[in-house]
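Asks: Spelled out from the first residue to the last, the chains are:
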Amino acid sequence: MNRLEWLDTATKKILFRPDRKAVRKELEAHLEDLREASGLDEETAVASMGDPAALAEELSRLHRPWWGYLWRASQIVLAGTAVFCCLLAVLAEAVCQPLDRLGTSLHNYLTPVQFTGALEERDIPAGMTISTGGCTIRADRAVLRSYEDTSQALFVDLQIGLSWRREPLILQNAWSGARTNAGEIPRRVIERSASWAFWQRACLSVEVPEDAEWVELDFGCGAWRRTLHIDLTEEAEP
Amino acid sequence: MAKKEPASVSMLVLALLKGREMYGYQIIEELDKRSEHVFQMKEGTLYPVLHGLEKERLVTAREAVTEKGRTRRYYTITEKGLRVLDEKEKEWRTFSTAVTAILAGA
Amino acid sequence: MKKKRAPRPYWVKFLRNLAAAFLLLAIVWDLLDMSLPTTAEFRRLERQSLAPPSEIAAAVPTGDPFAPKVLIGLGQGWAVAGAPYPLSSTLSDLDVYPLSDGPALIPLPQTVARPDNAGHPQFYAAYAALCPPSDAARAVLTLHNEDGDFMVEGVREGAVFLFYARPAPDSAGRVSIGRSWFQPELFTYELAFYDGQDNLMQEITG
Numbered sequence: 001m002n003r004l005e006w007l008d009t010a011t012k013k014i015l016f017r018p019d020r021k022a023v024r025k026e027l028e029a030h031l032e033d034l035r036e037a038s039g040l041d042e043e044t045a046v047a048s049m050g051d052p053a054a055l056a057e058e059l060s061r062l063h064r065p066w067w068g069y070l071w072r073a074s075q076i077v078l079a080g081t082a083v084f085c086c087l088l089a090v091l092a093e094a095v096c097q098p099l100d101r102l103g104t105s106l107h108n109y110l111t112p113v114q115f116t117g118a119l120e121e122r123d124i125p126a127g128m129t130i131s132t133g134g135c136t137i138r139a140d141r142a143v144l145r146s147y148e149d150t151s152q153a154l155f156v157d158l159q160i161g162l163s164w165r166r167e168p169l170i171l172q173n174a175w176s177g178a179r180t181n182a183g184e185i186p187r188r189v190i191e192r193s194a195s196w197a198f199w200q201r202a203c204l205s206v207e208v209p210e211d212a213e214w215v216e217l218d219f220g221c222g223a224w225r226r227t228l229h230i231d232l233t234e235e236a237e238p
Numbered sequence: 001m002a003k004k005e006p007a008s009v010s011m012l013v014l015a016l017l018k019g020r021e022m023y024g025y026q027i028i029e030e031l032d033k034r035s036e037h038v039f040q041m042k043e044g045t046l047y048p049v050l051h052g053l054e055k056e057r058l059v060t061a062r063e064a065v066t067e068k069g070r071t072r073r074y075y076t077i078t079e080k081g082l083r084v085l086d087e088k089e090k091e092w093r094t095f096s097t098a099v100t101a102i103l104a105g106a
Numbered sequence: 001m002k003k004k005r006a007p008r009p010y011w012v013k014f015l016r017n018l019a020a021a022f023l024l025l026a027i028v029w030d031l032l033d034m035s036l037p038t039t040a041e042f043r044r045l046e047r048q049s050l051a052p053p054s055e056i057a058a059a060v061p062t063g064d065p066f067a068p069k070v071l072i073g074l075g076q077g078w079a080v081a082g083a084p085y086p087l088s089s090t091l092s093d094l095d096v097y098p099l100s101d102g103p104a105l106i107p108l109p110q111t112v113a114r115p116d117n118a119g120h121p122q123f124y125a126a127y128a129a130l131c132p133p134s135d136a137a138r139a140v141l142t143l144h145n146e147d148g149d150f151m152v153e154g155v156r157e158g159a160v161f162l163f164y165a166r167p168a169p170d171s172a173g174r175v176s177i178g179r180s181w182f183q184p185e186l187f188t189y190e191l192a193f194y195d196g197q198d199n200l201m202q203e204i205t206g
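Protein chains in written order, with the working numbering: chain Z, 1 to 238; chain D, 1 to 106; chain Y, 1 to 206.
Hints are supplied without guarantee of correctness; some may be wrong.
Calculated cross-link-like contacts (lysine to aspartate or glutamate; reagent style DMTMM-like; alpha-carbon spacing at most 20 Å) [to be verified]: (1) D:K68 to D:E91; (2) D:K42 to Z:D41; (3) D:K42 to Z:E57; (4) Z:K25 to Z:E42; (5) D:K68 to Z:D8; (6) D:K33 to Z:E36; (7) Z:K25 to Z:E58; (8) Z:K25 to D:D32; (9) D:K33 to Z:E42; (10) D:K68 to Z:E28; (11) D:K42 to D:E67; (12) Z:K21 to Z:D33; (13) Z:K21 to Z:D41; (14) D:K42 to Z:D8; (15) D:K42 to D:E30; (16) Z:K25 to Z:E57; (17) Z:K25 to D:D86; (18) Z:K25 to D:E54; (19) Z:K13 to D:E21; (20) D:K42 to Z:E191; (21) Y:K13 to D:E30; (22) D:K42 to Z:E120; (23) D:K42 to Z:E28; (24) D:K42 to Z:E36; (25) Z:K25 to D:E87.
Honestly, the hints are just simulated from the structure, not real lab data.
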């Protein structure tokens, strides 16, 4: 029997290929060491290594293929997942939403809205925070603007801290009501809403009658309902 | 080597590896030398034992390339291996003391 | 002598690969704002609307494979109707309706599908009557919008009555369901409940 035959016979019962190759390599190295040290020719050296079939039995019992197969399977899963994610990214880009959303949304978030056309502007100190449904809503500042047609509108800047889920609020729904001392305010306008990471900024506006002393904004419904109260009669510190 | 007592085979291999790391052929040579040709292990016995020890984490193996470009697998004993060797040594000493006592006669 | 470290055993590599695959999925999932199946997406819409989790009263199939169901949820004093779009949350839709005592009618935010006699799906605008009187056996909705007046018999679905309505097909046989079917400001209605003996129990208008 020559060297290659012996090696093949001795390792052929190791089913998982990488294992089989590794053991074969080790045995081959051993054979070479043996030949080098003893100076025997190949046939004799191989013969002195012993019965390859018996060795094959022992080795196969030790080198079970299952974990190897599982590892191979996990490699396929990982490769498949990588391909799937790439496809998803491409598909989503084409069909649903652009991937550079992260960049643009930060830009939107940081860019303030400009309001023009007001005859007069008055800063209202707001400084109130409510907490509901895992989010915190803080009224940063409010501005009361009067217009030529004698109407006036209150613009409220909100800073919303989102929950760990990073789900921006749908303000059409979350902003559930508004009223002044004169009654409910039917017209409510969301001037802007932008979110980035864990924060959302919004500017809400309501038309307020002349004699309004305060404005209340409702957020949420049921057990999550909270109200933000803004006093219009207070003067802001200069 | 008697196949009926593989426990002692693994004990001897572990004992050899206690000193330093060795590769397959080296182990057979060293065993032959130290036992003064009493134990001449066959490859068919050694490799199953070595791989078995590796599987049970009594030894670890790593590959190294010699200057001649040959790749060899070096086996080193582990902490667990040292502990098991200790136990087996104790068992063996108990065994051999008992045997010696019996043979020494009444 | 160049040495190579002992290779990691297969089970370690196996677990590592699975963990990596999972991580990859999770990152892409989050990055693309992917949402979980319909109910989870519905719950997310509720959270984003600051509506506490409601009890789902009905799930109406829409016939749209991408937005398979419209879910109607009832809370204490409010109701939600949502059309979750599991693949893309920006297309999901949820409306919140405050409820006072007694029955109420809400439109569903998306067209729904019902098979006709031949088994082909036909699309309808749908409405739900919430909190009907407890012994009501029948409900009839009369709807008035820009396309005309429509009288629809209610189908009981658990605790609510569902109404399916649509305009007549045009000369080409097409049916177009415009905004006036979905927005409460654009339609008016009478909703009548009858008991088992066909006596009128209650009627509400809106």
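Asks: Indicate, hint by hint, whether the structure satisfies it.
Replies: So, going through the hints one by one against the coordinates:
1. D:K68 to D:E91: 42 Å, violated
2. D:K42 to Z:D41: Distance ~18 Å between K42 of chain D and D41 of chain Z Cα, so the pair holds.
3. D:K42 to Z:E57: Holds. K42 of chain D to E57 of chain Z sits at ~15 Å (cutoff 20 Å).
4. Z:K25 to Z:E42: 17 Å, holds
5. D:K68 to Z:D8: 25 Å, violated
6. D:K33 to Z:E36: 17 Å, holds
7. Z:K25 to Z:E58: Between K25 of chain Z and E58 of chain Z the Cα gap is close to 17 Å, so the pair holds against 20 Å.
8. Z:K25 to D:D32: Roughly 24 Å between the alpha carbons, so the hint for K25 of chain Z and D32 of chain D is violated.
9. D:K33 to Z:E42: 24 Å, violated
10. D:K68 to Z:E28: 15 Å, holds
11. D:K42 to D:E67: 27 Å, violated
12. Z:K21 to Z:D33: 18 Å, holds
13. Z:K21 to Z:D41: Violated, at about 24 Å.
14. D:K42 to Z:D8: 18 Å, holds
15. D:K42 to D:E30: 13 Å, holds
16. Z:K25 to Z:E57: 18 Å, holds
17. Z:K25 to D:D86: Between K25 of chain Z and D86 of chain D the Cα gap is close to 32 Å, so the pair fails against 20 Å, i.e. violated.
18. Z:K25 to D:E54: 17 Å, holds
19. Z:K13 to D:E21: Distance of about 28 Å is beyond 20 Å: violated.
20. D:K42 to Z:E191: Distance ~86 Å between K42 of chain D and E191 of chain Z Cα, so the pair is violated.
21. Y:K13 to D:E30: 35 Å, violated
22. D:K42 to Z:E120: 102 Å, violated
23. D:K42 to Z:E28: 15 Å, holds
24. D:K42 to Z:E36: Roughly 17 Å separates the two Cα atoms, so the pair holds.
25. Z:K25 to D:E87: 33 Å, violated
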